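J.: In case you want the letters, here they are:
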Amino acid sequence: MRRLLLTAAATTAAALTLAACGTTEPAADKPEEKKASEAITLTDGKGTEVKLDGPATKVVATEWNVVESLLSLGVEPVGVADVKGYKTWDTSVPLKGDPKDIGTRGEPSMDTVASLAPDLIVATTDLPPAAVKQMREVAPVLEVRSADGAGQIDQMLENVDLIAKATGTTDKAESIREDFEAKVAEGKKALTDAGMAGKDIAFADGYVTSNQVSIRPYTATSLIGEVHEAIGLKNAWKVKGDEAYGLGATDVEGLTDLPKDVQFAYIGNDEDPNATPFTSALTENSVWKSLPFVKAGDVHRLNDGIWMFGGPGSMEAYIDAVVGALTK
Amino acid sequence: MAVTATEPAARPSTAPTPRSGAAAVTAGLVLLVAVLAVVDITQGTAAVGASEVWRALTGQADAGDASVVVASRLPRMTAGLLVGAVLGMAGAVLQAVSRNVLASPDTLAVNAGSYLALGIAGATGLSLPMIASSGVAFLGGLAAAAVVLGLSGLGTGTVRLVLAGTALMLGLNSMTEGLLLLFPEQTEGLYQWNQGSIGQNGFDGVLQMLPVALIGLVGLLLTARRVDALALGDDAARGLGVPVRATRVTVVVLAALLSAAAVTLAGPIGFVGLCAPALVRPLVRRFRGYARSRAALPAAALTGAALVLGSDVVLRTLVSDDLSVAVPTGVVTSLVGAVFLVVMAIRMRDTAGAGAPDRLRTPSRTAFLVTVGVLVVVLVGLVIAAVLVGDTKLLLGDVVNWTQGRAGRSVTFVLDTRVPRVLAALGAGAALALAGTLVQAVTRNPLAEPSVLGVTGGGALGAVILVTTAPLATTWGVAGAAFAGSAITAVVVFGLAARGGFQQNRLVLVGIGTASGTAALISLLIVLTDPFNATKALTWLSGSTYGRTMPDVVPVALALVVGIGVAVARRTELDLVSLDEDTPRLLGMRLAPGRLGFLVLSVVLSSTAVACAGTIGFVGLVAPHAARALVGRRHVRVVPVAILLGAVLVCAADLIGRTVIAPSQLGAGLMTAVIGTPYFLYLLVRSRR
Chain A
0 MRRLLLTAAA
10 TTAAALTLAA
20 CGTTEPAADK
30 PEEKKASEAI
40 TLTDGKGTEV
50 KLDGPATKVV
60 ATEWNVVESL
70 LSLGVEPVGV
80 ADVKGYKTWD
90 TSVPLKGDPK
100 DIGTRGEPSM
110 DTVASLAPDL
120 IVATTDLPPA
130 AVKQMREVAP
140 VLEVRSADGA
150 GQIDQMLENV
160 DLIAKATGTT
170 DKAESIREDF
180 EAKVAEGKKA
190 LTDAGMAGKD
200 IAFADGYVTS
210 NQVSIRPYTA
220 TSLIGEVHEA
230 IGLKNAWKVK
240 GDEAYGLGAT
250 DVEGLTDLPK
260 DVQFAYIGND
270 EDPNATPFTS
280 ALTENSVWKS
290 LPFVKAGDVH
300 RLNDGIWMFG
310 GPGSMEAYID
320 AVVGALTK
Chain B
0 MAVTATEPAA
10 RPSTAPTPRS
20 GAAAVTAGLV
30 LLVAVLAVVD
40 ITQGTAAVGA
50 SEVWRALTGQ
60 ADAGDASVVV
70 ASRLPRMTAG
80 LLVGAVLGMA
90 GAVLQAVSRN
100 VLASPDTLAV
110 NAGSYLALGI
120 AGATGLSLPM
130 IASSGVAFLG
140 GLAAAAVVLG
150 LSGLGTGTVR
160 LVLAGTALML
170 GLNSMTEGLL
180 LLFPEQTEGL
190 YQWNQGSIGQ
200 NGFDGVLQML
210 PVALIGLVGL
220 LLTARRVDAL
230 ALGDDAARGL
240 GVPVRATRVT
250 VVVLAALLSA
260 AAVTLAGPIG
270 FVGLCAPALV
280 RPLVRRFRGY
290 ARSRAALPAA
300 ALTGAALVLG
310 SDVVLRTLVS
320 DDLSVAVPTG
330 VVTSLVGAVF
340 LVVMAIRMRD
350 TAGAGAPDRL
360 RTPSRTAFLV
370 TVGVLVVVLV
380 GLVIAAVLVG
390 DTKLLLGDVV
400 NWTQGRAGRS
410 VTFVLDTRVP
420 RVLAALGAGA
430 ALALAGTLVQ
440 AVTRNPLAEP
450 SVLGVTGGGA
460 LGAVILVTTA
470 PLATTWGVAG
480 AAFAGSAITA
490 VVVFGLAARG
500 GFQQNRLVLV
510 GIGTASGTAA
520 LISLLIVLTD
530 PFNATKALTW
540 LSGSTYGRTM
550 PDVVPVALAL
560 VVGIGVAVAR
570 RTELDLVSLD
580 EDTPRLLGMR
590 LAPGRLGFLV
600 LSVVLSSTAV
610 ACAGTIGFVG
620 LVAPHAARAL
630 VGRRHVRVVP
640 VAILLGAVLV
650 CAADLIGRTV
660 IAPSQLGAGL
670 MTAVIGTPYF
680 LYLLVRSRR
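Chains as they are written, first to last, in numbering that gives the first Met the number 0: chain A, 0 to 327; chain B, 0 to 688.
The hints are simulated quantities; they were obtained by calculation from the structure and are not laboratory data. Since the model is a prediction, treat every value here as computed from it, not as a measurement. In this text, a Cβ means the ideal position worked out from N, Cα and C, and glycines have one as well. Hints are supplied without guarantee of correctness; some may be wrong.
[As the list claims (entries may be wrong)] In silico lysine-lysine, DSS-like type, Cα no more than 27 angstroms apart, as pairs:
{"no.": "1", "chain 1": "A", "residue 1": "K239", "chain 2": "A", "residue 2": "K259"}
{"no.": "2", "chain 1": "B", "residue 1": "K392", "chain 2": "A", "residue 2": "K99"}
{"no.": "3", "chain 1": "B", "residue 1": "K392", "chain 2": "A", "residue 2": "K57"}
[Claimed, not checked] Each pair of labels, with its calculated beta carbon distance range:
{"no.": "4", "chain 1": "B", "residue 1": "I660", "chain 2": "A", "residue 2": "K188", "range": "46 to 56 angstroms"}
{"no.": "5", "chain 1": "B", "residue 1": "I660", "chain 2": "A", "residue 2": "T47", "range": "29 to 39 angstroms"}
{"no.": "6", "chain 1": "A", "residue 1": "E173", "chain 2": "B", "residue 2": "I487", "range": "53 to 63 angstroms"}
Just chain A, with the same shape it has in the complex:
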């Protein structure tokens, strides 16, 4: 131990004398003159006033839903949290450029964000307040509400509008809104034509750990639940969801509460089979096999890569997928 300590001390001393002098940045640059003409003032999802010198072009995003919104608006973010995860779970609005990975969604790295010197950081209200406070030192932070059980679609579109204002892409936001509404109308018509209007639907995801299967229902107050209602389907879950995301919890037994003629839909991921219990662990389960909608073949696996908490792009892909599955 003592020899170890001595070696450590010697090494650090040597390293310090060798490497630690000088600066990486010239001292004291004067504060830049601000252009007052294009200044934008916004009120974000937390009610904080956010002031920008002009439309932001170098944007960092800490959550996947805002990444998606930025991409839809034609703004390629320079920094994204968990790039690999986004590429796995959200392919409806693919990430084309090569943004810098700023770390995990829960704890984005301050150093990396600062080194990108962004004009704007788009975060969600899920980020800890202490982190947001520090980020404000680097750049203006726009916090959007990640989910609102009282109106998920409205919240989603509001977020797109807010981000559009900050990035000077309000025209694009308008067309996103129109496209989304058109897609909803298209889906509704296709379902009505196929005689599926008003059908019961239950969407869920699930995961397998060891030999236990947990199922997570997306209730009527979830984003997907609201999309169901918008295209004329009826949510069949009786389980109560949480306030923000509208997600519930149940097990295989709980599926017996669903109506007999329900359409059951889910999204899995081929890269993550533990998140796809309906094609793996449950296939041998006799409760699952005896469910009326399983027997009738009304279980639909929708395309991978539709992010269930995403923006209009993901929800349009979802409408296509669910309408396609139900009218097949």
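Please build the complex by placing chain B on the supplied structure of chain A, with the hints as guidance.
T.: Chain B only, in chain A's frame:
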């Protein structure tokens, strides 16, 4: 020393004893388990109640109801029965052969090993069929048990067993939590699984584990006579012709096998292995029939089954169906178990004498000064490295500019966020080390440490309650809540353990019970308030300096100044108190007020550390041990060395956590355990000579 000399778990009696009483009690237990099992079958998320179950069992129900009973209810009930029985029996034999009331699957790190193995499988995206994933958990658990037993030296001392087990458990759990934070999508559900849940996907799991469990149970019953002989003491057992070492190895391997089987079936169901034998122990005094392992082991198994099934029944009765799916049974067994353990500990007759103090050489003054000097150099080097190194590498000139307020925008920002983190790490490390030193001195117990005693857990609980109910709580608010939580826990723990002086086993038992209770309550709170944001809670609980600002560091810094002042001023008193019970009295010292003062101080220190950097375990346990090993046991030397070691440990952990996997990062608490575990185990191995 704590937990060394306890009374044998079962004291064989030579007098002829009536067996009928024991038989009647066993029959009563069987009846209780049967009733609980029947009630459990009628509960669940499907609308299948008692009448449907009856019809299903008599073959009159429709296919749907029948399948719910056959594929969900019966497997769940059987799993509960099996897991409880297996854990109860494993705990009972482990306690018997080690003559240690703290030995159990939990303390052998079997659960932690399985948890990590499953976490690695999940994070690497391995999707395994049920049997293979059970196999992975099984191997992980066995490996952990092997490491603990190998390091602690089988049968050479029980404190070592518990120390090695607890240390490894902390280290392994931290690694798993790190994986959960880094791979939140891949490991979804694992956090909940770790709380233990007996729900089953069909009968497959139960059927695959049943043979393993039967082999273990039968094997243990066959060795029961030898276990009884071991209870007489090693020499007496040898005299009777019992192969002591072989018996111990066999029993421990069988018990590890059993607990691994339970873990693969239901996740780590905490506390049953510790609790069930503890509940059976008082029966031994009343009914002589239980003096023999052959009667006592089945009783422990039945008690375990009753604990698990009872917890499940209570949970499903009290909580609505939707929520009862989210609340794992293990949380309830932990809560129930914690209360039982505390009650048992209070009623226990503590016969542990003052154990021999650690045999430590007293190094020369020069050696002490060299150690301190070297530590200071290491610490200064680390602090400089911690300030310079990160995602953005800086040079000393930048820091000079920054201190003079002349730095550029980017450097200013980086240092504004980085320096508070470094200071938070230093402060928390030093405070925890000092708190650990004080508690270990006052209680004369090498296992006593704020986190083992539940004080840290209480602080975390207080802070989590405030953070979940008032998201905009201020720094002082969180520090206050953490202090309130710590103080209440400390009053409870020390108050309950105070009867008849701070008896050593009792203190640790009450502390471990409280620690598990607070951990279960925190899990419960997270599951109930924010079920889909386990990451957020884990971030906080893993001891992170993320997002710290200067004001966050102030409370712990103040506590540290006061703490060091008091420790230096009263160093002689600390030496005396830590010596034994009688010497201070002979010198005319009043023990109680001094002890109380030191304990209050350590509570303040550990709660401010919790408020500053979350729950960082391990430092309070490792730093004082290491300090004593380096410079002997006089507090004038131990205190500064322990404080320096604590600061070095947490600062290094924070630095590594921030940089090695950048831009992702891990909490200092996780890294502390990852760094601290190997060192602690090395200490154990070295001291075996």
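J.: List, from low to high, the hint numbers that the structure doesn't satisfy.
T.: none
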